[in-house]
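Q: The chain contents come next:
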Amino acid sequence: MTQPHLSLQNVTYTYEENGPEAVSDFSLDVGRGEFVALLGHNGSGKSTVAKLLNGLYTPTGGNVLVAGMDTQDSQYTWEIRKRCGMVFQNPDNQIVATVVREDVAFGLENLGVPSEDMPAIIDRALSAVNMADFADRAPHMLSGGQKQRIAIAGILAMQPEIIVLDEATAMLDPSGREEVLETALRLNREQGITVVWITHFMEEAARSSRVAVMYKGKLVMDGTPREVFSQVDLVREYRLDVPPMTRLAHMLRERGLDVRPDALTIPEMRQEVKRLAHHA
Amino acid sequence: MLRDITLGQYYPIDSPVHRLDPRIKILLTMAFIVCVFLVGSPLGYLPIAAYLAWATWMARLPAKMMLRSMRPLRILLIFTFVLNLFFGTGDTELLRLGFIRVTQEGLYNAIHFSLRLIFLVIGSSLLTLTTPPVTLTDGLESLVSPLKVIKFPAHEMAMMMTIALRFIPTLAEEADKIMKAQSARGADFTSGSLKQRAQALIPLLVPLFVSAFRRAGDLAMAMESRCYRGGEGRTRLHVLKTGRKDWLAVASIAVLYAVVLLMARYV
Amino acid sequence: MPITLEKLSHTYQEGSPFQATALHDINLTIQDGELLALIGHTGSGKSTLAQHLNGLLKPTAGRVLLDGQDINQKDADRRALRFRVGLVFQYPEHQLFEETVRKDIGFGPRNMGLSEQEVEQRVHEAMDKTGLVYDEVGEKSPFELSGGQMRRVALAGVLAMKPDILVLDEPTAGLDPRARDFLLSDIARLHREGTTVVMISHSMDDVARLATRVAVLEKGRLVMEGPPGDIFTQVDRLTAMGLDVPQASKLRHELEAEGIVLPPCYLLDDLADHLAHRLKGGAADAT
Chain A
1 MTQPHLSLQN VTYTYEENGP EAVSDFSLDV GRGEFVALLG HNGSGKSTVA KLLNGLYTPT
61 GGNVLVAGMD TQDSQYTWEI RKRCGMVFQN PDNQIVATVV REDVAFGLEN LGVPSEDMPA
121 IIDRALSAVN MADFADRAPH MLSGGQKQRI AIAGILAMQP EIIVLDEATA MLDPSGREEV
181 LETALRLNRE QGITVVWITH FMEEAARSSR VAVMYKGKLV MDGTPREVFS QVDLVREYRL
241 DVPPMTRLAH MLRERGLDVR PDALTIPEMR QEVKRLAHHA
Chain B
1 MLRDITLGQY YPIDSPVHRL DPRIKILLTM AFIVCVFLVG SPLGYLPIAA YLAWATWMAR
61 LPAKMMLRSM RPLRILLIFT FVLNLFFGTG DTELLRLGFI RVTQEGLYNA IHFSLRLIFL
121 VIGSSLLTLT TPPVTLTDGL ESLVSPLKVI KFPAHEMAMM MTIALRFIPT LAEEADKIMK
181 AQSARGADFT SGSLKQRAQA LIPLLVPLFV SAFRRAGDLA MAMESRCYRG GEGRTRLHVL
241 KTGRKDWLAV ASIAVLYAVV LLMARYV
Chain C
1 MPITLEKLSH TYQEGSPFQA TALHDINLTI QDGELLALIG HTGSGKSTLA QHLNGLLKPT
61 AGRVLLDGQD INQKDADRRA LRFRVGLVFQ YPEHQLFEET VRKDIGFGPR NMGLSEQEVE
121 QRVHEAMDKT GLVYDEVGEK SPFELSGGQM RRVALAGVLA MKPDILVLDE PTAGLDPRAR
181 DFLLSDIARL HREGTTVVMI SHSMDDVARL ATRVAVLEKG RLVMEGPPGD IFTQVDRLTA
241 MGLDVPQASK LRHELEAEGI VLPPCYLLDD LADHLAHRLK GGAADAT
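Protein chains in written order, with this note's numbering: chain A, 1 to 280; chain B, 1 to 267; chain C, 1 to 287.
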């Protein structure tokens, strides 16, 4: 088997010495090019995991490897952060500059990229998130979804292999959420970037290729969205919910209909209903 | 949102003056200020006025903008004028109203100092009207960077100013929102004694500070994850370049100096 | 006591070059005991409208009437109005400031000039209504609580003023599914117990669950208004405005296009019933 792109090995993390474990004995391997949704109730430790992934936090116990590099080894710190970019929840609190173009340049400036190479890289990064027309605008005048895409562009400019989005859609309206999710899905599909998508919107998780569920600092479920969400009662026990169509499938089964329990999307449910209508 | 606050006074058009290297512009402004102080008599302000008129024209700024920049200082200006006019020394009395007397020297000084103030303000406004604050910050950083040898934190200072500029509109919006939210719970920010009003600010200031600290924490985290590690080894998107137009600007101020000094001597 | 918006318009910074019309000629009455949901795209004017309901913003044209009285009249008591129309802002936990939860919830009642005893009584009641246990969190700092709990403290802070009308701007934004469910059932209960509620929301499934009436704003104009059954069946029109529709409406709409026609519905439970009835019972007319 090839080396996992991200590897958390029996990771434990406490914020204070001898304090409660925010993350406990957490193990997860993410392969190159995967799109993993990490779910969990508020305070389940999923944000802590995000910050462990690029060395913002180093584990109290266990190891975190990014492309084979241990985050505890300080010689790799900058290389890890360059390869594994992060987008945070609040769009306002991660934009540094007063002009979009300059904000995208921030990471490049930190890496010491020659000035004359920057404009081309910036233009490419902004085009990749469909924000090329906004290069000279002031970030605080943009919508939440646009700001988050600027944040993604800032990371893309550094040519990362992995992007971790820590509840990047939590503060956005439905169209902003769709813009950002669509962007992440496309970068994963077209550029092969590994994505860790942290969220508490089940509909978003349904569109990933793999879902991992955290509960009280532990990894409690891991599988395809179908495998995870078809276990409606278990998911609810972990203080989460299932996508609306899975809920509907569950209700129909309770009413004695033989629909598949793992329907996730409206088209799937439509197919199921058509199938049953034909058989009836 | 009133005028975009991050632009400060900046008047966003393109002109040769807008395009000058900010470092040169800062130095020229300083030189100009010194020059204004070299003027010895009201008549000596003629070349200064001519120079400013020319610079304003080159910067394609409407004269109205320049006059507007005087507005916040009008009280100070009146004060300067009146003080010099009525409390001047000298013997040549022009007018006497009870204990107030106006002397020739007083009138002379009132005009002299008022003009000096006017030209100082207009001269420095020319800098802020043609240079966005962020560019000014870049220019300042570059100018003070030689001081790094004596451990002066030039980069940190500039980064702080940039972040402050970035967050002023965000925090202003936030303050407005908190104020409304507390008003919705019956908070009264506008009436009562001074002490009551100061106390009424607590429900505004506490959440604002909490939020500012949270934002600062978030931002530090975001900057770190984007490989920020101080000014060492950092490159910049915009490299400040000094070109022919900058040297022409320097030459123009040299001419101004020559004229002002000659006039001070012979006129 | 109904609130009536009469030809209400609001223009930001009127007369300046930055003038922008946020609301245009809105006519809307909020009836006693209803739960009115305001929906619309970001920037459609929902929050601006909400701030007119308790006089935080004044209309640039038109009037806001509470019990037939213009709330912006010169002699109107605007502070008393704030206590009658309770407004809960987006992310209201960002306005918490007191040392203890108890004191923070008491801020509104204290501003009303109530006695300490009455304030205390109101704090107790408000905490009960929002599922906060006085003995557990009353003396805690609000900043120690979880996000969901902080949200409830902020809501309790407004409820403690015993408003007749409760206006909520995006009450569930940023909460996890469990906290969202709790908060929504709190709101439903308050409504059942007689509070008039105006709720701004982006989540159509939340709106479908709670609202007795829906008003749709687009670019500052009121473009649709009626019971949820009437609004959420117009799937094409809502989609054209860039708005979501409840998942049940969407599926029902798509099935209709496939020739499977079900009775109008917008809740998953109702849809499940209709589907069960259709697929198990009278299946002869399928296809």
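The set of hints was computed from the structure by calculation and includes no laboratory data. Take the hints with a grain of salt, since some may be wrong.
Facing chain A, according to a computed beta carbon distance under 10 Å, are these residues of chain B, among others [said to hold, decoys possible]:
hint: 1; residue: Met159
hint: 2; residue: Arg166
hint: 3; residue: Phe167
hint: 4; residue: Pro169
hint: 5; residue: Glu173
hint: 6; residue: Lys177
hint: 7; residue: Asp218
hint: 8; residue: Val239
hint: 9; residue: Trp247
Owing to the predicted nature of the structure, the values given are computational and were not obtained by experimental measurement. All residues carry an ideal CB built from backbone N, CA and C; glycine is no exception.
Q: Enumerate the violated hints, using their earlier numbering and listing them in ascending order.
A: 6 and 9
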